[in-house]
Structure formats: structure tokens, C-alpha cells
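**Student:** Protein sequences, first through last, are from chains Y, E, S, V and D.
Letter by letter, the first sequence follows residues 1 to 376 of the working numbering.
Letter by letter, the second sequence follows residues 1001 to 1376 of the working numbering.
Letter by letter, the third sequence follows residues 2001 to 2376 of the working numbering.
Letter by letter, the fourth sequence follows residues 3001 to 3376 of the working numbering.
Letter by letter, the fifth sequence follows residues 4001 to 4376 of the working numbering.
Since the hints were made in silico from the structure, they are not lab data.
None of the values given here were measured: they were computed from a predicted structure.
Mixed in with the good hints there might be a few duds.
What the hints assert, rightly or not - Straight-line alpha carbon distances no greater than 25 Å define the calculated DSS-like cross-link-like pairs of lysine-lysine that follow:
no. : chain 1 : residue 1 : chain 2 : residue 2
1   : E       : K1370     : Y       : K370
2   : V       : K3370     : S       : K2370
3   : V       : K3370     : D       : K4370
4   : E       : K1370     : S       : K2370
5   : D       : K4370     : Y       : K370
What the hints assert, rightly or not - To spell it out: a stretch of chain S is covered by chain V in this simulated footprint if at least three of its residues, at any positions, have a beta carbon under 8 Å from a beta carbon of chain V; those stretches are:
no. : region
6   : 2104-2118
7   : 2231-2242
Note that CB positions come from ideal geometry on N, CA and C, so glycine has one too.
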Amino acid sequence: MAELSETIDKKPRRGRRKKRKDVIRRAPVGAAPGTLIADPDAHPPELTLRTLGDDGQHEVIRNVDLSDIVGARREWSKIWLDCTGLANVELVDRIGEAFGFHPLAREDVLNVGQRPKVEFHEDHVFVVLPMLDRRHEASREQVSIFFNRNYVVTFQERPGDVFDPVRKRIDAGGKRLFERDADYLAYALIDAIVDAYFPLLEDRSEEIDLIEDEVLEYAEQDQLTRMYEMRREVRQLQRTLWPMRDAIAALVRTDSDHLSDDTQRFLTDTQDHAIQLLEMSETSRDTLTGLIELHMSLASARTNEVVNLLTIVSTIFIPLGFLAGLWGMNFNPDVSPWNMPELSLYFGYPTALGLMLVVALGLIWYFRRKGWLGRD
Amino acid sequence: MAELSETIDKKPRRGRRKKRKDVIRRAPVGAAPGTLIADPDAHPPELTLRTLGDDGQHEVIRNVDLSDIVGARREWSKIWLDCTGLANVELVDRIGEAFGFHPLAREDVLNVGQRPKVEFHEDHVFVVLPMLDRRHEASREQVSIFFNRNYVVTFQERPGDVFDPVRKRIDAGGKRLFERDADYLAYALIDAIVDAYFPLLEDRSEEIDLIEDEVLEYAEQDQLTRMYEMRREVRQLQRTLWPMRDAIAALVRTDSDHLSDDTQRFLTDTQDHAIQLLEMSETSRDTLTGLIELHMSLASARTNEVVNLLTIVSTIFIPLGFLAGLWGMNFNPDVSPWNMPELSLYFGYPTALGLMLVVALGLIWYFRRKGWLGRD
Amino acid sequence: MAELSETIDKKPRRGRRKKRKDVIRRAPVGAAPGTLIADPDAHPPELTLRTLGDDGQHEVIRNVDLSDIVGARREWSKIWLDCTGLANVELVDRIGEAFGFHPLAREDVLNVGQRPKVEFHEDHVFVVLPMLDRRHEASREQVSIFFNRNYVVTFQERPGDVFDPVRKRIDAGGKRLFERDADYLAYALIDAIVDAYFPLLEDRSEEIDLIEDEVLEYAEQDQLTRMYEMRREVRQLQRTLWPMRDAIAALVRTDSDHLSDDTQRFLTDTQDHAIQLLEMSETSRDTLTGLIELHMSLASARTNEVVNLLTIVSTIFIPLGFLAGLWGMNFNPDVSPWNMPELSLYFGYPTALGLMLVVALGLIWYFRRKGWLGRD
Amino acid sequence: MAELSETIDKKPRRGRRKKRKDVIRRAPVGAAPGTLIADPDAHPPELTLRTLGDDGQHEVIRNVDLSDIVGARREWSKIWLDCTGLANVELVDRIGEAFGFHPLAREDVLNVGQRPKVEFHEDHVFVVLPMLDRRHEASREQVSIFFNRNYVVTFQERPGDVFDPVRKRIDAGGKRLFERDADYLAYALIDAIVDAYFPLLEDRSEEIDLIEDEVLEYAEQDQLTRMYEMRREVRQLQRTLWPMRDAIAALVRTDSDHLSDDTQRFLTDTQDHAIQLLEMSETSRDTLTGLIELHMSLASARTNEVVNLLTIVSTIFIPLGFLAGLWGMNFNPDVSPWNMPELSLYFGYPTALGLMLVVALGLIWYFRRKGWLGRD
Amino acid sequence: MAELSETIDKKPRRGRRKKRKDVIRRAPVGAAPGTLIADPDAHPPELTLRTLGDDGQHEVIRNVDLSDIVGARREWSKIWLDCTGLANVELVDRIGEAFGFHPLAREDVLNVGQRPKVEFHEDHVFVVLPMLDRRHEASREQVSIFFNRNYVVTFQERPGDVFDPVRKRIDAGGKRLFERDADYLAYALIDAIVDAYFPLLEDRSEEIDLIEDEVLEYAEQDQLTRMYEMRREVRQLQRTLWPMRDAIAALVRTDSDHLSDDTQRFLTDTQDHAIQLLEMSETSRDTLTGLIELHMSLASARTNEVVNLLTIVSTIFIPLGFLAGLWGMNFNPDVSPWNMPELSLYFGYPTALGLMLVVALGLIWYFRRKGWLGRD
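Bound-form chain Y, shown alone (with noise of 0.2 Å):
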């Protein structure tokens, strides 16, 4: 519990991490279209090349200029470009002429928070997903994946190391990487992203499976708060993912000559388990929705118990209490044979404590028989 609670509370609040991610940073609303803005916390970019040819050689060459770019093209058969870091207005503005990219396009790029998409283009196709990077969502952040069969660009927000196992497999001289041409890279990219999402979601399941066991042994007012905070943070993860899943849907259907058949064929791999994505999430939705509604029958039924008790003990005291005080009246006997006469009987108090019993057992007798009893 106490590290589950820490997980918890590393997260950023939501309130700040919903301004960092579900607004898209916009131009003023009236600007030029295709319009490049600079973000003021954007990282420093860093530009990697990694240059492959068939036969499994391979370059990596880290802070590459324009030109170094220009002569990779023609020198290898695929090279991946590979840009972490956005504050650079003017840099991607250029990568982006020499590859040339459409001016909306590059301006989706810096302008991070779009909704996952491809677009096909004449000359490549351009696909935007949101990448995790560690295990909670406030790490998401907005991968711009430029491919045709030549080269593959990436773009993303911070470094990050989602994309280390393609980059170890291509340092290991992977085969199927160097066989084939640059639209197997970024689809492997592709994968490494869509892949990334499953530890979160297990994550969430394991924490569901905790809560579950306590709201069954005992449910609390904040174990409410964490399942509502939790089950929002669970939709807005849907939201990713449905047009996540919408995109490589499209790039699985699609007949653009950027993508083989082949390629092709392993998307459709990609689009099963962002498929698969999407169910574990609603299954921890559901999940969550029926707890908070199991949470709230259980905090009733304790209610009703308890008010139970409360009028069992009332109904069967206060009818008490009142003859008590009764006979605890200070009517004057002497004054008239009237006034109490019960008081100087034989067998008064006696006959008084029977009469109370009587009472008594008379109202336990009609619990018994509501049946309202039978629940403490």
C-alpha cells in the first residue's frame, strides 16, 4: 500500500498535467496557418543519424548538420533521423524544407498535444502518435514519424528511451532490419510506441486488483477519490488510444507505395495489440465503475445497519425512559388518593420493573418477527 501510495503521488497533479497535455499549444487564433511557434520549455534539440545499408553496415552519427543529412541521402540505401528536442523553431523548419514536408505538417510537429493521425503524402507518409516513456501518463509526450521506403524522421519532445531496443537491435546488426527497407524501421518504431502503453495498463489492473480487496474488506471515503481519479485517468488514456488505434488501422488499409505488403502484414500485428490495448483499458473501466458502485452499495448497506441499531435501541429505550420519568413525577400523594397512589403500592416497583420488561420484550419480539434482528 505505502508504495502504491507513492506511485501515486509522484504523479504530477492533474490539474498541471492536464494544462501540459489534453491543450494543444495553438498560434493565436487568427494567425497564418502553418504558422511555426517556439515553445519557451521545449528541450534543446539533439539530431542522431543512423545510416544503414544492406549488407548490415552502419553509421551513427550524433549532432549532424543539414549537409551531413544531404549526403547521407545519397549515400546510403535508408537513414533514420532521429530529432529529440523541439526548441529549435527554425531547425525543424528546415529538416523539414529539405525533406520536404508540408508546411502544416512541420507546424504539427512543434505544435505538440495533436491527436494521433497519419497523413499520406505524395512523397512519404506522416504519422503522429503520443509515446509513453515511463510508466505513468504524464510522461506522454508526441512522437512526428516522417517515412517512405528511403529514410524514416522522428521527431519527439524530450530524450527518451522507448526507441532503445530498435536502436540496440539495429547496433546488433538485427537482420530483418537491414533486409528490409526504411518502412520496416518505422514500423517497428510504430510498435516500440504502441508496446510502451502495456506496463501502464498493468500498472492500473494491479492497483484495481488491490483496491478491490480493500473495498471488500473495508470500504473508505478515500478509496472513492483514487477510484474516480483512477478511472479518469483510464478514459483519458482511451482517448489516446482509440485514434491510435484509428491510425494504424489506416496505415494497415492503406495502398500508399511507402508501405510493402509486408510491412504491411506486421502492422497488423501493431493494430491488434493496440487493439488489445484498448480492451484491457475498458476492462479496468468497468471494473472501476462497478467498484465505486459496489463502494457506494456497501457504504449504504453499513448505513442502514447502523440506523437499524439506532432505532432497534431508541424504540426499545425512550417508551422506557418516559415510564421512568413517570413514575419519578413529584405529584403529592398526600394531597389527594389521585395523586401517584402506584407509588405506595406493595409491590410497586416491582410490578413497575415487570411492566418495563414487558415493554421491552414486547418490542424485541416485533424485531424478531420484522426480521431486523436477524441482521446485527
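Following the hints, complete the assembly by docking chains E, S, V and D onto the known chain Y.
**Tutor:** This is chains E, S, V and D only, laid out in the frame that chain Y set:
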């Protein structure tokens, strides 16, 4: 907080706004279709003509009359006729006739409150969109845009500033606006209208964040009313945004000659924004629904806690009170040894106190076993 | 308020209206299809024939018989046969035969309560629409319209005034009605039927606004019943409006020869109105659902407040009452120094009062810390 | 009311009905498909053959055997073989073979509880529909209809009277039945099956009206159970009606040679009825859901009122009771002037009463200000 | 009941089952696609080969190796290779290579927990389905079926008995299995898998019936937990059944050469069963949701009743108790004629008792008028 409520108070009362906006202004039931009716509250019209040459030359002519317009159409490659205020039914009608607009389209211009829509006529495209010019829904007005590659004619209800950025770009000789045909100008206007919804939705997001913090701190009754109010406003907004997205999608999909492929590519971007707006509103609505539920749950949890305390206190003290009352009865011990002999016992009082203590401790033990004391 | 309830009371009881409207009047189960059955409560039919020439000439012939009709069809370019009241089954049947209507269509004319629909026959188009002639749903009646480019034949259940504006425009020699074929006349009638729903929905909107103000001021039980009642009425209305919209959409989309492109363009406007009606009803339903929830929430919040007060008062005074009862016991101090010695202390009474004060203040401090006093 | 409960009691217990109806009778898991299994509770079969000539001539032959059928098919232009009771598996199988029905279709005839469906075979059309022969769901049985233009073969589970009107029309020499091919006869049977649902739904509507009146008068616990029960029944009915409508729609849309255009036109009417049934059931379900909610709301409103009274009475009298207890304490005034000197004041008692009155009036004023007294 | 809870207890804990079933076993994030990974808990594989000649001749060879398989494919017209247990990754891989299965398909065989799906490859059809071999969801395992007209290859996780009936029909020389191609054998296996879900759903239906009877008799807290648990299980089942139905529908619709029209006709029957299963699960879920609501409603109705009693008793006896306390006060009548003169009245006590009786009767009359006594 104070600031927030001010924002809310400044908005006109819902009832009045509704009448103003939801109810389409119609000709009397059964009137001949296409009947143009004047709205007594409408603004007097102001006609402004902007002429744009391909070489960046342009003119702004205010308070033009019909003959000016005819002349300008002959002389300039593209013109923008900007009409604000719909009080002069005849003027609107004559402009419509001059440009060859369909009678029903002219009727739609005047009967504000139309749903967002696109109609492809032989000679031009007719678009109706609701426009915000300030950050609340009450500032909504209808903009009717007629355009083809040669002209753009816009009608709006009140003078407003959403188009100002476009006007400035014209005055600044914005390259794209002069190089392209008038359909691009229409796109720029539509884009400005759509983007004007972002500030409203961002305001709502922030308000919701504020309310969320409040609800988590302390659930109060007036938060409920505010959240219901806000949820309805968001719902209303969605009703506007759905057909707006459809209208823009129709513009993107059409193969009308009045829209160049290039402009349609730009409209795709506007379409993305419209979808983004819808998702933001969807998120707002979801969050509000979740918050209302959470509010109810927390309030109910709090009542449970209160009832719990009531039960514990009553269940302990009502029986004790009965015992005290019992020994406060006035049965006469002098009359009979059966009458309350315990009152005269040497250790009667301490025994009675001890008995009460035993009852109280027994009940507390019972509550502890039930787990009801854990909640205090 | 008084006015409002009057409006509501004037409406016939729901139970009766339901029987009248929802349950289709059918031939006995298993009867031969196309069997024409008479409704004993039906109005006696009135046949009115309006003949229209292209040059604005027209005649109105009341109480025509079949031979008149045949003559008029030969003589005039377009005619409108207007039949109000369906008591004479044979007459309807003979008119149907004279114009060549399908037996099942003739059955639909008589078995009122049909769903709105359009059927395209070889020779004509058959439209069934529900018509309101006053501002409440109980005035609903079925209108059956048969038309092609030469004639319009309408059957309705009762004499009503929705078509009056069209009649007036004919009498006034309305240009459009005379210049175009009879399908335009059919359009004008359909438009009149659709527009007659606006006043009803506007009335409901206003009622809802009134109720909303009441709910926000004070949530009362009878508001609940009214809101449920109204929501059901709106839902019922939607059931009428959905197929109505579909029927009109079918008229707009069809390429039947009986409808000119020009008339279809006009029907697009009617379709817009139908969609508008649906959205208004959707908004009403949403608002009512929200108000019902808000009502429940406010009532529940109020109960929480009441229970809170009960708890505070009981929790403070029941222990104090116990203490008072304790010192009201009659243990005999004369018998033993252990029996209630505090009663004979010099400062016994003030100390007891002080103790009570301490208990009370302690509990108040506890409640204040819990934040329960903040709500009063 | 007594009448109503009788109607309800007459229905078999839900549990049993469910087993009878919802669970398809299947061959053991893994058995060869097309295995025909006998139901031990099935009715013994009765075979009736109706032969129809085009000239109105017809014969009714009861208890026919297979050779009779073969002869009749040669001799007459159309025949109807009517089999009630499915106990004789072999007989059904042999009839199926004689007419050339697919083995799986024959299996469907015997394994009752199939979903409504239509299958278009090369030689005939196969329709499965659930039939009611009395006004409650428990009388549901499966009717299997095989037909083409020459014959109709029907299998049903029990002798029932839904087809009686059709039989009577044959006996009366009904013109349409004799003039048309056998597919029209199939239509007449399907129409009879569909129309038999109207009385059930009308009964439910009336019951709901009754319950509604009761709920509005006084919300009781057993109404809840009844409404839930009824809503489930209606839901169950909808599960039957949805695929039934789809099956009929498939018959209307198909261009199979076994159905003439004329018959399809008539089936459109049946389709309208099926949609009408669905809408009636939808209305019933809606109304029930609304009523259940209203019931809960009213019960909750009533509890609020009760708790309100409890609070008012307790809050007034518990403090007063404490004061009375206070002055009933036995501190000894003789020991000290500090001990309860007020008891010996000249106006002590009236002052005390006055104080109590002030407290009570103060609380009443507080409640009035809060608006809590307005509800009594 | 005891029996029932046993059934429930035998099921493994939800938490564990979930980990086992819902979470797809995946290669590490970023691993090369098509990587085959071993599951340490997997069963050791058993290979059984069944060869079938068209003339009813067949052989069963256990523990075959790859060379046997290659021989059998040459010799026999159709073979079924049945592999249970997936521990030997290499073996699965080599079988896959021998038959020419796609690497990703081979990966799917090993990474159990795939969604039900169908893939049409050039050379064969690949089907993944979840299989139950006992009457609870925890026995779910993945079956992978590769087939064309010559062979069927099945992989499953554990030895199970769902295929036993098919094996028996082979041993018994079942005609249909020998006369048709291997695709019919594949159909028979798929049919067995689908039908194995019926017992589970029938068990759930019966459990729900039992719970319903209990809920109607007495609403208890643990029923709630059980119903939520069961509803989630049913929901989970639906998630399996939806894609299963879609997969079978794809087999029915495809025009792949590997499936004969005849087999597709049989698969239509399996499709019907899958739809039936979905409807049964839908009914179960609906019933459970209705029951949970009913449970809550009844519990709430019961609490209302309890609170009602509490209110009546408290409201009657608290004022009476106050009166008794009043006349128990010790104001000194000797000091002043104003101090409690009523105590010394001749009829003081009877008058006081009478007054109390009047108050009690008055309150009872008030409750009766309010209708609150009618509920006891």
C-alpha cells in the same frame, strides 16, 4: 474564487440566453418559404468591401452600395464583402440577388439560429457557422459565408472582432492571402471562427479544475448547482460543435470547383481543430459528470459518518439515561421492602455507577468489534 | 404558476391520450390485409376541392362528389382534394380507387396511428405524417398525403387549421403555388405540418425554464412528478419526430419523377426544421434529466443538513440529559456516605453545571474541528 | 386490481419459463451437427393438409401420410402442410427429406428456441418465428415455415389458434389467397404471427398505466418488484422482436424468386407492424424505467419528510427535556446557598416554564427561517 | 445454497485468474516482432496425428515426430495434427516451418491470450479461439487452428476434453467426417469449442435464478458482492464472445478456397450458436443489473421503514418524556404558590396522565392522516 463567480455572474441568465440562441427565429407557421423577416432587435448593417489584387494591392471601402460592389467585382480578382448587422432586410435581399444566392439561403442569413451547415450551389458555396466573439456562449452569433474563387461575402449579426486578425493580415499584405484565390480567404475566416472556441473551452477546463479542488476539500451544495449549470453549457456547446465539425468535413470531402485542393488541405487542419474542440468538451463533460458523482458520494459518506456518531452516542446514553431515570423514580420505600430497596443499600450508588460503566464499556466494545469506531 | 398548471390540467389525462394515440387501430388479428375498418368515433368526412390553374385562376368547391373530381382532373392543371374526417369508409375507398391508390395505403389512411413514412408508388408518392393543430400533443392527428405533379389528395382526422395559411396563400393567388406543379403544393403542406411542432416545443422550453427556477429556489415533491411527466411527453414526441425526419429525408433523397429538383431543394429546408425540432426536444430532455438529478441532489443535500443538526443537538443534549438524570436519582445519602455524597457538597450544583458546560463545549469544539458546524 | 394480480399469477413462474424459453434445446456438446433429437415433453404431431386451387376449390385432409402429400403436390397448384407437435422426430425428418430441406434446417425445426431468422435456400425460403397464442409470453412457441410459390410447410410446437383466421379465410374462399401463389399464403401466416403480439403489448401498456396511477398515489415496496419483473419481461420481448423485424426486413429486401413483388409489398406492411411493436415495447420499457426512478424519488422524498419531522421534534424536546432533568436534580439546597437556589425562588417555576417556551419558540423560529416547517 | 457457494469457491481467486488470462504474454517491449518466447509454466507438448482416408480408414499415431508428419501428408488425403502443451518453443517453430505458417502466426500460437481472430493466408486459414474445458471461465485456454482442405493443425495449452466427441466420431467412422475435406473437420472442432460455452452460461443463469429468489426474500449484503462479481465475469465473457462471433462470421463470409460452400453452410449454424451465446450473456447481465438495482431499492425501502418507526416512536415518547421530566422538577412549592401548584391539585396526576394520552393520540392521529402508520 471571487473572480470566478464574477465571470459567472457576468453571463446573462440562462433563461434569457436560451430564448435568444436556441430558438430559431422563424417566419409564422405556414408562411411562404423564403419569406424574409426583420428582427426588430437586429443591428443596423455596415457594409465593408475589401478588394485584393494578386500583387498585394488592396483597398478597403466602407459603407459601400450595390453599384460599388458590381464595379469592384469587375475590376478586382477577388473581393470580400463584409456585412455586419442584419436590420435592413431589403439590403440583404438585394445583395443576395446581385450575387445570385438562393432565396432559402437568403432566408437563412436573416433567420439566425440556424444549425452549422454547408450547401454547395452551382455558383458558390454557402456556409453557416456560429461564431463566438468573447469567452462565453452568450456572445454566439451566426456568420453566413458565401464564397467561390472570386469573392467572399460574409454576414454576421453584430460587429465583432474574430475576423480582425485576418483583416490585419490583409492590411499587412499577407502573402498567402494574395497569392491564392478567394476560397483561401474563406478558409482563413472559417479557421478564425473555429479557433475562437478554444479560449472558452480552456476557461471551462480551468473552472472545472478549481471546482475539483473545492469538491475534494469540502463538498458544498452550491457546487452542485454550478456543476450542473456548467455541464449543461458544455452539452449545449457540443450540440454546436458536432454539426460544425460535419460542415467542415463536408468542405474537406467535396470535389466542388469552388475549393482548390490546396485550400482543402488547409481545411483538414481546421477539421483537426474542430475534433480537438469536441474532445476537449467531451473531457469537460466527463470530468463534470465524474465530479458530480464524486460530490454526491462524498456528501453521502459524510452523512454516513454523522449518522454513525449519532448512533454511537444515542445507543450509549439512552440506556444509561433510562437507568438514571429508573433510580429517580419515587416509589415509596417506606411502604414496602420491595419498593426500590437498592436506593438504601450501603454501596447502592457506586454499584449503580459501576453498572452504568459496564453497560457503556460493553457497548463501546461492541462498536469497536463492528469497526464503527474506526471511522471517527 | 397558476397559469402554468392550468395549461397542464387542460391536457387530457395521459392514460386516455395514450390509448388514443399510441395504439394503432388495427383490423382484428389475422384479418385479411387491406381490410378497411370504420372507427365509430371518427368525424364525418368533408370533401373540399381546390383547383389551380397556372395563371392564378382557381376555384374552391365544397362537398364535391366523385364525378366532380374526375371532371376537375381533366380540366385543371393541378387540384388539391382535401378530405377531413374518416367516418365514411366507403367514400375513402372509392376516392382511393379513383386515383389508383394501393389497398394497403388506403388501409393506412383509415387505421390512424401509423408511423410517419413515405412510400414511392409508380403513379404517386404517399406520405403519412402526424399533425398538431393546437399546442399540445393530444391534438395529434394523422395526415395522409398522396401527390404527384398533377394532384394532391390529403386525408386528415378532424377539421383543423394548420393548412389554413396555405389555403390563404392560394386564395391570395400566391405566385409560387401557381407557377409550380402540384408537388410544390404538397411541399407547402408538409412544411406547414412540420412547423406546427415549434410552438409546442417552445412552450415546453418555457415550462422547463419555470420549473428550473422553482427547483433552484426550493425542491418540492410535486416538481418531480411534473418533470417525469414532461420528460415522458418529450420522449414520446421524439418518437414521432425521428421517423418524421427520416420520411422527409427520403423525400429529399429520392429521384422520383413526382418531385422536381426545385421542390426537393425546398424540402431540404423542411428537413433542417425537422432536425432543429429534434435538437430542441433533445435539449429539453437533457435539461429535464439534469434537473431531476439536481432536484434529487438538492433534496439529499438538504436531508444531510437536517440529519447533521439532529446529530449535533442529540449528541450534545443526550449526554447532558443523562448527567441531569444521574443527579436526579434517589439513592439515600442518609444510609451511607457512598450514596451520592456530591449532592451535599457546598459547590456541588455549580460544579455539576460547570461539568455539563465543559462537556457541551468539548463536543462543540469536536464538531467545529470536523467542520460540521460550518454548514448551518 | 384483483383482476390484475390474477393475470400476473396465472403466468408460470419466471424461473421455469426461462428454462423453457431462453435455453435452446441442443444436441450434446460435440455431437454431429444436424443430429435430430426428440424432446420428451413434445406434443404428438398432427398433420393437416390444405390444398388450394386457383378457382377457389380446396380440400382439408387431416392426419395425412407422406404418400398423400406427394400426390397432392402433383395434383394441386398450391398446398399448405400444417404440422403441430414435434414428438415424432422421424416423421419430421421424412417430411424434410420429401421436400428437400437442408439437414440443419430440419435440426432447427426440432431444436426449438431458435432466434427468429430467414434462410434463402435454392428451392425454398426457410423462416423461423416465435409465436404467441395467448396474451402472455409463456405461451411462446417456435413456428418453422418453409415455402416457395407452390407450397407452404409449417411446423409448430403445440396446437394453437393464431392461424385460425387464415384457415377461416381459406374455408370462406378468400379471393386473395386463391388468386395468388403460395408465397402469399406464407405472408398471411407471418402477418398473423406478428399481429398476435399486439394484445400482449397492449395488456402491458394497460398494466403500466394502472401501476403508474398507484405509484403517484402511494409508493409501495411490492410495486418495485412488479415493475422490475415487468421491465425484464418487456426486455425479453424486445430480444424476440428485434431479430423478428430483421427477419421480415430480409424477406422484404430479398430478390428471391420464391417471393413475388406483390407479396413483398404486403410484407412491407407486416414490417411496419413489427416496427410498431418494437416502438410500443420501447415505450413500455422507458415508462417503466421512469416509473421506477419516480418511485425511488418519491420514497426518498417521503423519508426526507419523515427525517425532517424527527429532527424538529427531537431538536425541540431533547433540550427541553434536559432542562426539566436539570431542575429535577437532587442537590441539597440546605447544605449550601449555591445548590439549586432557583428552586426556591418565588417565581422559579414560571420562569423555568418561560425559559423553556423561549427555547422552543426560538427553535421554531430557526426552523421556519430554514424553511423546514413549510413541508409539513 | 451450500452447493452453490462451493461452486463459487472452487473458482480460483479473480485476481489470479485475471493475471493468467487477460494479460497477453508478450515479448519484452521493443523486441523483434515474431520472437518466440517460452512460458515457464507451459505444459510439455504431446503430438497426436490422426490420418483419415475417404473410405473411413484412419490411424491414430501418438508422439509423432516431424518426419512422420511429412510422410503422413503424402500418404493420406487428410490429416489432423493435434498438439497439446506449448512448452517446447522449438518444436512449435519447426512444425510451423514445415507447414509454412507465417512467423507472426507462430508467435500468436505461443503468446497465449490473443483475441479470437481469423487470418486468411495464401496457403491456409489461421483461427485463434478461446476454449473452455470445464464449466468455469478459469479453464479458458487458447486454441490455434491452421487448416486448409488437406490438413488441420491444432495447438492448445493443456490436454483437454472438448475435442473428445470429435475424436470419438472419427473412431466410430463418422460418415460426414470421412466424406468431406479437412475443412469440415476444422468446422467440427470450432463447433465443439463454441458449444462448450453453453454449460457455463446455463450455470450462470441458474445461479442468477437462485440469487433472485434470495433477493426477493431478503436483501443481504453478501448478495451484492456476489452479483457484482458475477456481472463482471459475464462482462468478461462477452469480451471473449464478441470477437469470437466476428471471427466465425469472417469464416462464413469469406470466399477463400480453403473453405467449401458446404462447410460454410454448416458454419452458419455455429454462428447462430455464437449469437445465441451472446444473447444469453446479454440477458444474464441485464438480469444482474436489474437485480442489483432491485436489491438496492429494497434495502432502501427497508431503511425507510425502519426510519419511519424510529420517527413515530421518538416523536411520541420524547414529548411525553419531557412532560414527565417537567413534573419531576423539584421547584419548592412551599416557598411560593407559583411553584408547581399542579402537583398538589386533587386530580393533578390523572389530569397529567390524561394530557399525555391526548398528546399521544393527537400524534397518532397526525401520523395516520399522513399515511405513515399504513406501512407497519
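**Student:** It remains to establish, for every hint, whether it holds in the given structure.
**Tutor:** Now the hints, each set against the structure:
1. E/K1370 <-> Y/K370: Status holds; Cα separation ~22 Å.
2. V/K3370 <-> S/K2370: 22 Å, holds
3. V/K3370 <-> D/K4370: Since the Cα atoms of V/K3370 and D/K4370 sit roughly 22 Å apart, the hinted pair holds (cutoff 25 Å).
4. E/K1370 <-> S/K2370: Holds, at roughly 22 Å.
5. D/K4370 <-> Y/K370: 22 Å, holds
6. 2104-2118: holds (count 5)
7. 2231-2242: It holds: at least three residues are needed, and the region 2231-2242 of chain S offers 5 whose Cβ sits within less than 8 Å of chain V.
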